[in-house]
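Make the full structure from the sequences, and use the hints.
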Amino acid sequence: KVGGRLRTNRSLGIPFDEGASWIHGPIGNPITALAEQAGAETFLTDDENVAVYDINGMQYSKNSLYEEFEKFESAVERVSNMGSRNKSFFDVFNSLYPELLDNRLWLMMLSAYLEFDTGADLSQLSSAYFNDDGVFPGEDVIITNGYDRITNMLAEGLNILRGSRALKIDYSSDKVKVNTLTETYEADYTIVSIPLGVLKRNPDLFTPSLPTVKVNAIDNLQMGTVNKYLLTWDSSFWRNDLQYIAYTPETKGKFNYFLNMNKFAKINALMTFSFGNYSIETESMSDSQIIDEIVLHLKSIYGSNIPAPNAMLRTKWNSDENTYGSYSFVGKQAQSGDFDIIADEVNNKLFFAGEHTNGDYRASVHGAYLSGIREADKIVSLQ
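Offset between the sequence shown (1-based) and my numbering: plus 1.
Some hints here could point you the wrong way.
[As the list claims (entries may be wrong)] Restricting the straight-line Cα-Cα distance to at most 27 angstroms, the calculated cross-link-like pairs of lysine-lysine (BS3-like) are:
#, residue 1, residue 2
1, K169, K379
2, K176, K379
3, K350, K379
4, K317, K300
5, K178, K201
6, K178, K350
7, K379, K178
8, K300, K267
9, K379, K215
10, K169, K317
11, K264, K300
[Stated by the list, open to error] Pairwise CB distance ranges, derived in the manner of DEER restraints:
#, residue 1, residue 2, range
12, A34, S62, 38 to 46 angstroms
13, D293, S237, 17 to 25 angstroms
14, P308, E184, 46 to 54 angstroms
15, P209, N241, 56 to 64 angstroms
16, I374, G338, 15 to 23 angstroms
17, D235, L97, 43 to 51 angstroms
18, D288, R202, 24 to 32 angstroms
19, R202, I161, 20 to 28 angstroms
20, L168, S237, 43 to 51 angstroms
21, I380, L97, 43 to 51 angstroms
22, K267, S62, 25 to 33 angstroms
Hints listed in this document are in silico derivations from the structure and should not be mistaken for laboratory results.
Please read these numbers as outputs of a predicted model, since none were measured by experiment.
Backbone N, C-alpha and C fix where the C-beta goes; we use that ideal spot for every residue, glycine too.
Pasting the structure below:
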């Protein structure tokens, strides 16, 4: 298929975007214009339209949430100011706020807001470089009729070979040779947009080996995992005026954030997520185990008589051999300059694109798109 981590599943009759869902900062974002051109419909998801519940079903008051979120933003900024290359976000945070280690509300905010944003488990995320990327202005919007509309449009008229996995990329001669199981393709220039997770798992992909500084940058940067779960019911038992429902479990990253699909898709469905190390753990769990754990959280909020879901769709990004993760982040031994090092061309023949090559807009669709434009411009300038 085309699109990589833009992957829309319509098996339940509604578009479930297994990968990217949102346009982050739509003002001036190149994806906004592409979405309009492709006929993609968008909806502004109001992040403040949320109710948060504790494990006993108690709803946190709006005032207490506001106060704690203000403290949370200050704490994140303080970690950034005191961060260092050899310490993770959690290392610094725990040294500054040891009293919050068992605070379920704070674990939810750290998980649903920061681990979701970066893709990382906080124990692996750099304390120095976790938030030095750029953003476009405007409130995030979600695409409601399938993100794949954009990549399908961009692919029109192109000769795209599916089922042709690159096994070896040889740039030792005048032309670059890309070997697959059945064919060898030659080109004057080759753009490598293989995800970071796959690059990390295949160090012998290139002949000759990539420059040591680039290999080190690939090793330094990490691939995070966020998994998504769509559950449907005959009717809704939750408040349909809410955009989000949050929950504060004991386990960080565990189904603590629910997106109410009824707000924009008019379907009785909730989308929830797993973050950080727990997200990787879920990939070895069965569908029935996943459903049981999610419903257990919903029963804590809405009571034990809620019905079982009709269906569930899920992702397993960390074990997907075409990605080995969701999106890139700066590990605690890395620095943001590593994104630029991966982006450097080799011998004016081998070029690199993808969200993991765009430090300013890492972990985003627009970052990946802009990196492709950047590399195309490099090649045009060589003509």
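Here is what the structure says about each hint:
1. K169 with K379: holds (23 angstroms)
2. K176 with K379: Answer holds: K176 to K379 is near 17 angstroms, not above 27 angstroms.
3. K350 with K379: holds (10 angstroms)
4. K317 with K300: Answer holds: K317 to K300 is near 25 angstroms, not above 27 angstroms.
5. K178 with K201: holds (21 angstroms)
6. K178 with K350: holds (11 angstroms)
7. K379 with K178: holds (20 angstroms)
8. K300 with K267: Holds. K300 to K267 sits at ~23 angstroms (cutoff 27 angstroms).
9. K379 with K215: Holds, because 18 angstroms separates the two Cα atoms, which is no more than 27 angstroms.
10. K169 with K317: It holds: about 26 angstroms lies between the C-alpha atoms, which stays within 27 angstroms.
11. K264 with K300: holds (21 angstroms)
12. A34 with S62: 38 to 46 angstroms: holds (41 angstroms)
13. D293 with S237: 17 to 25 angstroms: Holds - the Cβ-Cβ distance for D293 and S237, about 20 angstroms, lies within 17 to 25 angstroms.
14. P308 with E184: 46 to 54 angstroms: Between P308 and E184, where Cβ atoms are some 52 angstroms apart, the hint holds.
15. P209 with N241: 56 to 64 angstroms: Between P209 and N241, where Cβ atoms are some 59 angstroms apart, the hint holds.
16. I374 with G338: 15 to 23 angstroms: holds (21 angstroms)
17. D235 with L97: 43 to 51 angstroms: holds (47 angstroms)
18. D288 with R202: 24 to 32 angstroms: Holds, at about 26 angstroms.
19. R202 with I161: 20 to 28 angstroms: Holds: the Cβ-Cβ distance is about 23 angstroms, inside 20 to 28 angstroms.
20. L168 with S237: 43 to 51 angstroms: holds (48 angstroms)
21. I380 with L97: 43 to 51 angstroms: Check passed, 47 angstroms falls within 43 to 51 angstroms.
22. K267 with S62: 25 to 33 angstroms: holds (30 angstroms)
In this structure, none of the earlier numbered hints is contradicted; all agree with it.
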